[in-house]
Every structure is written in C-alpha cells, then in structure tokens.
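Enquirer: Given the coordinates of chain L, assemble chain Z onto it according to the supplied hints.
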Amino acid sequence: MPVNVALGHVSNAFLIAALVIYSLSVVAFAGDFAFGRPRRAAEAARGQQAQDHAAALAPVGAASAAGGPAPAGPGVPATPGPATTGGEPADGAGSMPELEVPALRAIREAGRWVVAAVALAAVGAAAHTTAVITRGLAVHRAPWGNMYEFVTALTCVAAIFFLFALIRYRAWTLGVFVMGAVVVTLGLAETLIYTAPGDLVPALQSYWLDIHVTAMTLATGIFFVSAVLGFVYLWVDRYTRRVAAGRAAPGNGIVRRLPGIEQLDRLTYRTIVFGFPVWTFGVIAGAIWADQAWGRYWGWDPVETWAFITWVLYAAFLHARATAGWRGRRAHYVQLLGFVSLIFNILVVQVFIAGMHSYAGVG
Amino acid sequence: MTDVRAPETDPFDAAAERDDQPRPGPSSPGAAFGLADWLKWLWRQLTSMRIALILLFLLALASVPGSMLPQQGGNPAGVQQYYTSHPALAPWLNRLGLFNVFAAPWFAAIYLLLFASLVGCVVPRTFRLAGSARTLPPRAPRNLARLPRSAEYTTALPPREAVEVAARVLSGRGFRLRRPDDEDWVSAEKGYLREAGNLLFHLALLGVLVSVALGGLFGYKADRLLVQGQGFADTVSALDEWHPGRFVTAADLGPFTIKLNRFDASYVASGQQRGQPSAFDARVTYTEQPGGPARTFDLDVNRPLSVDGAKVYLIGHGYAPQFTVTDGRGHVVYSQATPFVAGASGNFLSEGVVKVPDAQPEQLGFTGVFVPTAVNVGGTLESVFPAADNPVVSLIAYAGNLGEDSGPSQSVYQLDTTAMHRLTTSPQVLAPGQSLKLPDGRGRITFTGYVPWVSLAITHDPGQLPALICGIAALGGLLLSFTIRRRRIFVRARTGPSPGRGTTVQVGGLARTDASGGFEAEFAGLAAELKSAHEQAAPAPSAPPTQRAESAPPAQSAESAPPAQPAESAPPTQPAPPTKPAQQQPAEHRHEGE
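So the sequence lines, in the order shown, correspond to chains L and Z. Under my numbering, read the first sequence as residues 756 to 1118, first letter to last. Under my numbering, read the second sequence as residues 2 to 595, first letter to last.
To be clear, the hints were calculated from the coordinates, so they are not data collected in a lab. Glycine included, each C-beta is placed from N, C-alpha and C at the ideal position. Each hint should be verified, as a subset may be incorrect.
Unchecked claim - Every beta carbon over 10 Å from chain L, so not counted as near; a handful from chain Z, in silico:
1) Phe34
2) Trp93
3) Asp299
4) Gln361
Stated by the list, open to error - Straight-line Cα separation of at most 20 Å, SDA-like style, residue types lysine to any residue; simulated pairs:
5) Z:Lys438 <-> Z:Ile397
6) Z:Lys222 <-> L:Gly1054
7) Z:Lys312 <-> L:Ala958
Stated by the list, open to error - Listed next, with one range per pair, are the computed distances between beta-carbon atoms:
8) Z:Ala110 <-> L:Asp965: 49 to 59 Å
9) Z:Gln337 <-> L:Ile1098: 46 to 56 Å
10) Z:Ala131 <-> L:Phe790: 53 to 63 Å
Just chain L, same shape as in the assembly (with noise of 0.2 Å):
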C-alpha cells in the first residue's frame, strides 16, 4: 500500500504542537518552581521519620533473623542493629505526605503552576500520541521503523510514563527535568534526523517488529525516564553530601522542592523494575527474530551484543542496590552506564558499525 502522504503531513503537525505544548510544560514546572507554593513537609521532618521507621524494623529483623521462636522476641528493646543502615522502610513510598490524598487533589492544592504544568504535559502527550498513531496509519505499520520514528516513539513512551509515575507519586517536582529531557530529545529527532514517512525494506516487514521494536520502545522510554530521575538523584546526592561537608550553603530552593534523596532513589529504582523485564522480553523476541530470518536466534550482531552489555548493567545495577556499599551513588552510576550503552547503541552502532541491524536510516 502507498504511504498516505496528507495522513503524514497530519502527523508531523501534531509533533510540532507536541514539541511546542511540551515546552510550554516545561515553563510551567520551572514557573511552579520560581513561584510556586513552597511544600508543606520539611525535610527536617522527613529524616526523623526515617529514623523512626529504621528504628522500628530492628528488633522484627533480629527477631526473624534468627529463624522461628525469636529468642531476641517481643518486647526487647530495639538495638540499632545492621537493618538500621538502610535507612527508610522497605515497604514504600509511604513517608512521601500527599500519597494520602488523592492525586488529582494533590495537584490542584499544589497550585496554579503545577495545575498548568501537568495539564499542558498530558495534552502535549495527547498530541505527541495522536503524531505517532497517525504516522503508523500513514504508513500502514507500526511506526517504529527507522531511527527517527523510534526516537520520536519513545520519547511519547518517556512522557506517558513519566505522567503515570507523576500522579501515582505525585512527583511533579521531577517535571522540569524529564519532560524538558523530552524537549530537548524531541526536538533534536526533529531537526537532525528527520526522514519522511516510508515503506520498510523487506527485512523489516514482519509481525516480530511490532512486537520485537515495540518492546525495545517501551523499555528505552522507561530507562529514559530513569536516567533522567539517576541525574537528579546525583545531583541531590552530591549537594547533600557538599552540604554536610560545608562546602555548600544548605537550603537550595530546587533540592529543598524535591523529592527526599531515598525517594527519588526508590521511585528510580521502580521504573528501572518496570523496564528491565520490558527490555529482557524485547531481547528475547528478538532473539525469535532473529531466528526467523536470520537462522540463528543470537549471533553476536553488534546491535545484540550492546543490547546484550545493556542487560548486563541494568542487571548489575539491581544486584548493586542489594550490596553493601554500591547502594545510593555507584548503583546509580551503574543505572545511567547502563542508559549510555543504549543510547551508544542506537546512536553508534546502528549507524556506523556494520551489522545485520542496519535499518537506522539515517544519514
């Protein structure tokens, strides 16, 4: 079937307006933060919690440590011992005040800013969805098959799910970062790599790119959303660390905004459980792929053997956060190398290293 050339002038339109709603978003996160109501909770108070909820786990965990009829049981008095050094209870985000009010709630008592930013990030995720619908109508597949269409998928992907996480954790403070990361990607795809829509070399015409590509999509829009939320962590963790060190004046307007230092890392670490099983299922359908058309299910093609060294770190980064003294900093560092290697891969591999994987078109 001929592409729909009227259907992709359609689509391009609404990527623009996206590009533009989303920018206006971005003003409105930064507005919230210039002008915005301050938060209600101290930071102060959100530490003593902490401690409180460490504290309170130690003698459960000595209790069960030791097997069956605790001998160090109820009623002995809780020694800070070795649970203490994970700092907040492992059972939630349920030290973050507004989860207790319902999300849409929460945002319009966060004000006028925040009502704005929101509101212009989810029409600007409706027109960025409308763009790449009407860009797979346009062209009669899923629209997913070039460099260009992947990115610009992707980021649609970022911005969905970042809106997800931002009313389920109510992390609106995180906006002005991930979605002017959106902008900015958005906007590059658009001016730099912009290829017009078209037919698919035979290769690629097949059932397992919907499912193989779009699998790939939605995992490297989720670890976009967690690189993202990896630099603001370090970022906070290293101010907070200057600040205790006196190199840093303490009460950073932005930092005291933001989410603490253990809830941008569990919120980091949810959307990285959130892609990794994605991508683990993206790399074996492409691997049955693979299979099909090449007549072997993994041949250490570059673009596999980076998907393969990208599994590889985001899987140590979830080993890293269970091991003493790679929490917090370096498992994040492992995070955003693990992101580095996707983007190397999409950027560098599949353009300039020769493979079987060659289907970036760009260039």
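Expert: Using the frame of chain L, we list chain Z on its own:
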C-alpha cells in the same frame, strides 16, 4: 549473589546481610589458615555479591571488542580486510582472541565464573526457601504500632474470638498462619513465590547457557549458493560451507533436496527510498528425501523453510550472468550461469570471474563486472538501480595457465593471473546477446543473459527450543520476583481500651522490598477487611461505634482502596489521617498509661 530485588537490608533474610559483615580472610589474625580454609574462603568470595557484580561488569566490558572489531563468526571478510589494513596489529589481536571474542577462553572464563557464582548463590537459597516454606511465620511483635504499617480499632468480640476471626480472614486471603492456642495473636506470611521467581530466573539463565552449549555441540550451520533453475541435495559435498558442531558428522545431515525454480526481487522505483528492496520471493521445490514427493514453498526473508529437522533461510541474492565460450578449435567449452557477487558500491554492481580450463590452445580466464542498470558516468559504468533494467557486463580477458592444478585450492571468485597474460587492453562492455571476439583466433565469449541466484543458510540447532523455554521461564521468574512481595501481617487483640469496653485490635504489616509498590494499599484494604469482619461477627446490640479517631487507617489511600472497604468506616475526623508510627505513638503511650 543475585537477589535481584533486595535493595534495602532485609529483615526477612539474614543471608541478605552477608555482604555487610566482615568475613574471616587469609589476613585475619589468629587461627591458622589451611588449604581447606583457603578453598572455602575462595568459594565464599566467588559467591559473594561483590564478586558477582565485578564479573557482570567484566562480562559487559569483554563484549565491547566483539562489537567493535570484525568477528570470524559473523564477518570473516571483515577480518581479512582488517589484516590487510593493519598488518602489524592484526596478528596480535588475533593472538588475544579479539577476532573471535565470544569463543575466546578469557570470555568463557568470565561467564563460567559468573555462572559458578550464580550456582553457589542460588542452590543454598533454594534450600533456604524450602526450609522457610516449612517453618512457621515468626511470633507477632508486642508493639505492632511500631511496624511500618499499622492500624488499630475496637470490637465487641472478646480477644480470643477476635483473633479467630482475623485468622479466618487472613487464611482466606492465602496467608500462612501461626496462631498459638493460648495467646491472643496471629502472625501471617505470604509471598514465597517472590523468592521462587527470583530463583527460577537465575536457574533459567543457567538453562539458557546449557541450551547454547547444546546447540554448539549437536547443531550445524551450512551455506549454499543456488542459481535459479539449479538444485542440490543436503550433503557435505553439495554445500559451499559446513560448520558442524563437535558431535555432528556428515551422516547427521538430512537427505532433503531443494531446487530454486524462480527468484524475484522488487524495489522501490521512485522517491526518497528509490532502490530500496520492497519484496523478495524465492519459489523452491523440495523433497524430504531423494525420490520423495516434491512440494513447493515460497521462501522469504522472514519465512524459513522447515525440512527434515533443519531450517533453510534466504539470506542473500545476486545476479549470475550467463556466458558461452567457444575456443580456438570452435568447441563450446563453457556455457553456464556464473554467480557474481555484489560489491560495496551499491545497486548490485557485482563482480565475478569466468574460468575456462578446457579452452585450447591456452586456458582462458575473464574478470568481469555485472551492472544491472548501467549508466555511463564520465567514462565509468555505474549501476543506478538494483533491478536489471539495462544489464551489461564489462570483461577483461586473460589467456595462459589458470593455476588450478597446483598450489592451494582457489576461490571461484578470484582469478590468479600470475601465469596469464591479458588479451584485451581495456574492459570490453557487452549487452545481452553481444560477443567479444578474442584476438589471435582464440575464439569468442558471448554474454547470453543472466539469472538470479540466492544464498541459503541451512541450520540445525537442537538447543533452540530449550533456549526459548528457558528464556520464557527467566522472564516469568523475573515478573514473579518483581510483582510479588513477601509480607507479614500480625494481629493482636487485647481487652480494653478500658475494662468492660470491648477489645482493642491491633494490625501490623511489614513487607520485604516492595519493588512495584502497593503494599500500602494492600495493607489498608486488609485492615479494612479485618475491621468489617469483626463488625459483622460482633453481636449487633453491643457493637461499639467507631469512637476513636485514630482507628481510621483505611482512609490513608482513598483512591486505591479496594471495594472491600465498608462505606461507613473511617469518618474523616482529621484532615490527614495518621498512619505513621511517629504519630501513633502518643496513642500507644496512652494505652499503656491506662
């Protein structure tokens, strides 16, 4: 190693702490350190999470050269080219195994150590899981308000019955219970599948490795170039390349035959994507064994043919120009389609050679270029489209000794001209039907036409299905371990708050790392369910109203509360219902003061 999701210290599992504690090592003062101790120490080091992490990094790092340098397995021509362009460096890289990274001993060492580490971690954990599935949950702590999640309310039921009701609710939700007969508490635990999923994930990875090894030992890979109209039987002599696994012999090849009836390639004719292939179709006839019934099949890039335990793939195509050569005696000494191979210049500008060993008085050889859609650009021929719209060949003729009788066996795509002399000064361009007359009465060569050829890959991999099953199992295990949380719920009942005014029920909850979140909501729902169960079980007239403000934990996450929550519960007497120990402690102290 390898608890994928135990990021924080884990009150459920003492072993999760193991990396935090210093271990006696060779440098520990005091006790003598014998060989057995050394081995034990080494094993413990190997199975520690830290070493596993380092091995994971090494694995990632070691893979990098495999993607940056051409590899023997995937791109042998690239390796040849690298030798030509870096003659000094290439032999060293080869010695280090960098042209075959994924088969190099050092690469194997990394992943074998990693899998040894995995086994050393997973096997003891499997036993521990089996053990913990047999033991009862721990006793309920005395002060449940100090747990990360807690709730409290009163009921008219006496303590023993209140615990009984709670036990019924928890057991109905699939919790394992511990309920002593002579005390007024119950502890409940759930979510063992989380750890089971985690173990399944790691064991399945081991299975993937074994499957890959299985394919390497018992499978084979073969290539065959097939010109349209030709056929072949799957025997070693008929294959262009054959890479058998260690335990595969020629007798293991399936005796099927394949004939290429017709091959069509179509290309985008205009626009930005002009020249990009749009469809391939190879019509083949095959038989399961020689003499068997013939079947036809449309082979396509994403559509392999399964025959006799092997799979046949379409992996490439090209043009085979047809030549007829008449020698000096007037005999037709060559008449066949000769596969030419597309070069890097694009649009199927293909190169090949024609060798005529039977020509008299001297052997003849030709190097040629096939141009599917030829355009003369400033004196050189270029191909502007991959389809054969204006096909020509350009030939250079040689006479002399082809050198086929002596020396190493030659490639059919290369002409050894050391013992030959050139017959034509410049390349001669021929259109179909045209001939080139050779000088000195050596005869003529006629370009009669062209046919397409395809290259087929034939593979047999017995590890394929096991690898797929293990991959799916790994994914399933991953999902289990990420979505299920292991959690404990405790319920205590005691008489009070004041004598004769019913029973105070305390509910406490604790979850191991909650990777996907949601324990908060689950606990709220469970607390609400317990409360409504107690209200229903209580004798109606004496049911006390919910008079205590702090007894309203279910309101804590109203948007995610399950439907089990009764509408009349949790009057919003406070703007933000307290759920945290810090805020509940005053109430707790009040209890103890009474």
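Enquirer: Are the hints correct? Go through all of them and say.
Expert: Okay, the hints, checked on the actual structure:
1. Phe34: Given a closest Cβ separation of 24 Å, the condition holds.
2. Trp93: 21 Å, holds
3. Asp299: The assertion about Z:Asp299 holds, with a minimum of 13 Å to chain L.
4. Gln361: Non-interface label stands for Z:Gln361: nearest chain L Cβ at 44 Å, farther than 10 Å.
5. Z:Lys438 <-> Z:Ile397: 12 Å, holds
6. Z:Lys222 <-> L:Gly1054: 12 Å, holds
7. Z:Lys312 <-> L:Ala958: 17 Å, holds
8. Z:Ala110 <-> L:Asp965: 49 to 59 Å: 39 Å, violated
9. Z:Gln337 <-> L:Ile1098: 46 to 56 Å: This hint holds: roughly 51 Å between Cβ atoms.
10. Z:Ala131 <-> L:Phe790: 53 to 63 Å: Distance hint for Z:Ala131, L:Phe790 holds at roughly 59 Å.
The structure is inconsistent with hint 8 alone, although it conforms to all the rest.
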